[in-house]
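Top to bottom, those sequences are chains A and B.
For the record, in the first sequence the residue sitting at position 269 is 269 according to this note's numbering, with numbers rising by one throughout.
For the record, in the second sequence the residue sitting at position 15 is 15 according to this note's numbering, with numbers rising by one throughout.
Keep in mind that the hints were calculated from the coordinates and are not lab data.
Ideal Cβ positions, reconstructed from N, Cα and C, are used throughout, including at glycine.
Accuracy of the hints is not assured; some may be wrong.
Unchecked claim - Restraint-style ranges between C-beta atoms, simulated for each label pair:
hint	chain 1	residue 1	chain 2	residue 2	range
1	A	Ala416	B	Ser94	33 to 43 Å
2	B	Asp29	A	Thr171	44 to 54 Å
3	B	Ala265	A	Thr5	49 to 59 Å
4	B	Arg90	A	Asp42	20 to 30 Å
5	A	Gln256	B	Gly315	21 to 31 Å
6	B	Ala87	A	Glu388	35 to 45 Å
7	B	Asp84	A	Pro393	40 to 50 Å
8	B	Gly377	A	Arg229	46 to 56 Å
9	A	Gly373	B	Pro255	27 to 37 Å
10	A	Gln256	B	Asp79	26 to 36 Å
11	A	Glu388	B	Arg76	40 to 50 Å
12	B	Gly83	A	Asp210	52 to 62 Å
As the list claims (entries may be wrong) - Okay, derived cross-link-like pairs now, EDC-like style, lysine to aspartate or glutamate, Cα gap no bigger than 20 Å in a straight line:
hint	chain 1	residue 1	chain 2	residue 2
13	A	Lys342	B	Asp253
14	B	Lys28	A	Glu266
15	B	Lys28	B	Asp226
16	B	Lys342	A	Asp253
17	A	Lys28	B	Asp95
18	A	Lys28	A	Asp223
There are 2 protein chains.
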Amino acid sequence: MTTITSVDVVDVRFPTSLSMDGSDAMNKDGDYSAAYVILNTDDPTLAGYGFTFTIGRGNDICVLAAEQRALPLIGRDVDELVGDLGATYRGLKSDSQLRWLGPEKGVEHLAMAAVMNAVWDLAARKAGKPLWRLLADMTSEELVDVADLQYLSDVLTRDEAIGILTELEPTRGERIAELEGTGYPCYTTSAGWLGYSDEKLRRLCQEAVDSGYRHIKLKVGADMADDVRRLGIAREVIGADANLMIDANQVWDVPQAIEWVSALAEFKPLWIEEPTSPDDVLGHAAVRRAVAPIGVATGEHGMNRVLFKQMFQAGAIDYCQLDAARLASINEILAVYLMAKKFGVPVCPHAGGVGLCELVQHLSVFDYVAVSGSLEGRVTEYVDHLHEHFTDPCIVENGAYRLPSLPGYSAQMHAASVAEFAFPDGGYWQAALGTAGSAA
Amino acid sequence: MTTITSVDVVDVRFPTSLSMDGSDAMNKDGDYSAAYVILNTDDPTLAGYGFTFTIGRGNDICVLAAEQRALPLIGRDVDELVGDLGATYRGLKSDSQLRWLGPEKGVEHLAMAAVMNAVWDLAARKAGKPLWRLLADMTSEELVDVADLQYLSDVLTRDEAIGILTELEPTRGERIAELEGTGYPCYTTSAGWLGYSDEKLRRLCQEAVDSGYRHIKLKVGADMADDVRRLGIAREVIGADANLMIDANQVWDVPQAIEWVSALAEFKPLWIEEPTSPDDVLGHAAVRRAVAPIGVATGEHGMNRVLFKQMFQAGAIDYCQLDAARLASINEILAVYLMAKKFGVPVCPHAGGVGLCELVQHLSVFDYVAVSGSLEGRVTEYVDHLHEHFTDPCIVENGAYRLPSLPGYSAQMHAASVAEFAFPDGGYWQAALGTAGSAA
Chain A
1 MTTITSVDVV DVRFPTSLSM DGSDAMNKDG DYSAAYVILN TDDPTLAGYG
51 FTFTIGRGND ICVLAAEQRA LPLIGRDVDE LVGDLGATYR GLKSDSQLRW
101 LGPEKGVEHL AMAAVMNAVW DLAARKAGKP LWRLLADMTS EELVDVADLQ
151 YLSDVLTRDE AIGILTELEP TRGERIAELE GTGYPCYTTS AGWLGYSDEK
201 LRRLCQEAVD SGYRHIKLKV GADMADDVRR LGIAREVIGA DANLMIDANQ
251 VWDVPQAIEW VSALAEFKPL WIEEPTSPDD VLGHAAVRRA VAPIGVATGE
301 HGMNRVLFKQ MFQAGAIDYC QLDAARLASI NEILAVYLMA KKFGVPVCPH
351 AGGVGLCELV QHLSVFDYVA VSGSLEGRVT EYVDHLHEHF TDPCIVENGA
401 YRLPSLPGYS AQMHAASVAE FAFPDGGYWQ AALGTAGSAA
Chain B
1 MTTITSVDVV DVRFPTSLSM DGSDAMNKDG DYSAAYVILN TDDPTLAGYG
51 FTFTIGRGND ICVLAAEQRA LPLIGRDVDE LVGDLGATYR GLKSDSQLRW
101 LGPEKGVEHL AMAAVMNAVW DLAARKAGKP LWRLLADMTS EELVDVADLQ
151 YLSDVLTRDE AIGILTELEP TRGERIAELE GTGYPCYTTS AGWLGYSDEK
201 LRRLCQEAVD SGYRHIKLKV GADMADDVRR LGIAREVIGA DANLMIDANQ
251 VWDVPQAIEW VSALAEFKPL WIEEPTSPDD VLGHAAVRRA VAPIGVATGE
301 HGMNRVLFKQ MFQAGAIDYC QLDAARLASI NEILAVYLMA KKFGVPVCPH
351 AGGVGLCELV QHLSVFDYVA VSGSLEGRVT EYVDHLHEHF TDPCIVENGA
401 YRLPSLPGYS AQMHAASVAE FAFPDGGYWQ AALGTAGSAA
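Just chain A, with the same shape it has in the complex (with noise of 0.2 Å):
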């Protein structure tokens, strides 16, 4: 038998702000941090790895609930803990006093996020097999019995979420195969954000043109003028046939962002990206409507599978941008892969960040082998940065992420990346502080 005996959670900053990488219109100076859970067990080869993701200041806040969260954790038979991921979720989200400070939203949801990435890296290296493989040798029934279905059986039924994936289990095969051969197409947006010089942008354009990139992404929402500039020169580099999205990271009210978008529609973007507040169903619902031909895409702050219901009843969207350390986990996200195969929504995950690239790899990888079986309308996000740090980094070919093929869900990190990145007290932390150390 083997036993989780500890949880470590640890607080690691990279300090992205001082290279404006991540720079948008509504979040300027980020330090890209990790809420970073390690699950530790007797057996001294296994251990779990997770993280929830955040932009700095907060972050201890996230490891606090984590730590709080993981304790009913410590001392659980691992087999059992994996044999029933639907108990093990369930049993971590029964605690009715951390509910209340969400529900299901939050720091609270972030940290549970964390916790249950790390149980389910841990199950997928318990059963040797990267995470995406673990999740195909499930039955149907598997898969619907560890999906969190609560609150969505006016628009998802336990019947009809098993018959989604029924229809498609005997050919999930032949996806595997053929994603083996071409990977998972993506985007990056590496090129574009806020804080970059037009130099800048235009030299990353061409090279993300020349690396074999048909979408590339620019934040908006800003300065007007400065929006119409950095498009043309966006434009002019990748031509007329390629795929431009624009993302605007939440600063319009709904007029606005329709008055804005409107204003861009000559450079023909792709999608408008988190046009307004991501909680405003109704909102991007109104959004869409005004500025179709344009597509509509949220998700990185979608709070939970309820707020995505509501999208897809409402209409609201053209691609689901779901999180992978925001929403609780394969738990939660199976649940929305399924609305939004219902409601013929593309799935388009959310990624950069640390490490999220990891981890979206392995859901994308999943949707196409058994939820929705189609790539139409759909590519992943990919940004070139702090891959470095873990010690299965995705890789990226010609515009297209190739398929993680060591157990787990690629989410630990160098020891010694998480030993110098530790805040406040990691070496680069503590040189950049200086012996005062207090930037909290």
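With the hints as your guide, set chain B onto chain A.
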């Protein structure tokens, strides 16, 4: 010049789970708690008190978040802070790194509520007025300047907001005089906790009637046979004409809510409260259509003004039960009251917990005086516990809140209560936890 010198945030927990006070279908064993904020100044006679409310575990996380959120206040000039409460609020809200952890929901938003509640308490104390009167003495433009209208302009413009307030501005004094005579009507939840025996339920219903209440609320949703029996007892005691409300605390999916409420229709409930996920705007709308003429009420877990905007837009609720410790204090609450007025939805604030009654009495008075000008369909929750820990406890007579008269937001606790129930080092918890001291 008076300056904020320090901020204390205390984890205060009351062992309410021992007596099953507060027990409902979702929350069986809450320990009513407060993340309690004290803004200290260099004037020994002046401080600001505020809090958010939780039900136990995780209160420490809110404490940490409130400490962090309040940091920018230290060293600030009090006159400047309270002289522009809109700017003070927007300044705290503008931290994009902390915003990522919500945005505007969950722990970070609870912490924002705690801190800004203390700022508003400080403002009222500095002015020597109870909070409701501080607000009632502000012009329509001043009120709209402090209201957070971000993301609301599709349903409420600044000009509309000013128009709503201007209409009633000349007659505010008349309504103040009226309420000084009558008080503001309330209902009691003290009778109906799920953990109470039938005998205790019967006795408490009788006591409520004898005390002048015309509204009584019962918890439902754990067991249908129990609900039928308990509602029968309540109706027998209060009679056919008094109002009976029921509260499911989010335990149902939408179809189940419709089925369960329909089965209880014979008891003619005035409203069903929290029939499903608090995030489910479209779900509440569906329940409302199905169970009419029974009303639908929700809001104690309404995370922010964007959620309430959609509840109003979708025609999802008959009663808006905003929470003074979950919304980000007066700045955000004002916006919800203004939208409620525009959409004709009565606001019946959630109370109970720790100190929520103390806060919401100010809101209800202000609503009648300056925003809605109506008492129709309006009744504010009252729960008779934990008031003894407050220095200016609310006073309820004949089923109505008396108007608060002391300066502030009635948010200050007795220092002795704070010392006794501070977790885990206070006297009560040291004794209860013994020497082990590790119940979190």
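ask   = Given a hinted range of 52 to 62 Å, is it respected by the beta-carbon distance of Gly83/B and Asp210/A?
value = holds, 57 Å
ask   = Taken at face value, is the distance from the CA of Asp223/A to the CA of Lys28/A at most 20 Å?
value = holds, 14 Å
key: Range hint 40 to 50 Å (beta carbons of Asp84/B and Pro393/A) holds or violated   = holds, 49 Å
query = Cβ-Cβ distance between Gln256/A and Gly315/B: within 21 to 31 Å?
reply = holds, 25 Å
inquiry  = Quick check: does the Cβ-Cβ distance between Asp29/B and Thr171/A fall within 44 to 54 Å?
reply    = holds, 48 Å
request  = Sort out whether Asp95/B lies within 20 Å of Lys28/A, counting only the CA atoms.
outcome  = With a Cα-Cα distance of about 10 Å, the restraint between Lys28/A and Asp95/B holds, given a limit of 20 Å.
query = If you check the beta carbons of Ala87/B and Glu388/A, does the distance land in 35 to 45 Å?
reply = holds, 42 Å
query = At the C-beta level, are Gly377/B and Arg229/A separated by a distance inside 46 to 56 Å?
reply = With Cβ atoms ~54 Å apart, the hint holds.
Status of the given 27 to 37 Å range, CB of Pro255/B versus CB of Gly373/A = Hint holds: Cβ distance 29 Å, inside 27 to 37 Å.
inquiry  = Just to be careful, I want the Cα atoms of Lys28/B and Glu266/A compared with a cutoff of 20 Å; is the pair within it?
reply    = violated, 57 Å
query = If you check the beta carbons of Ala265/B and Thr5/A, does the distance land in 49 to 59 Å?
reply = holds, 54 Å
query = Honestly, do Ala416/A and Ser94/B meet the 33 to 43 Å range at C-beta?
reply = Hint holds: Cβ distance 35 Å, inside 33 to 43 Å.
Going down the numbered hints, you'll see the structure goes against 4 and 14, while the others check out.
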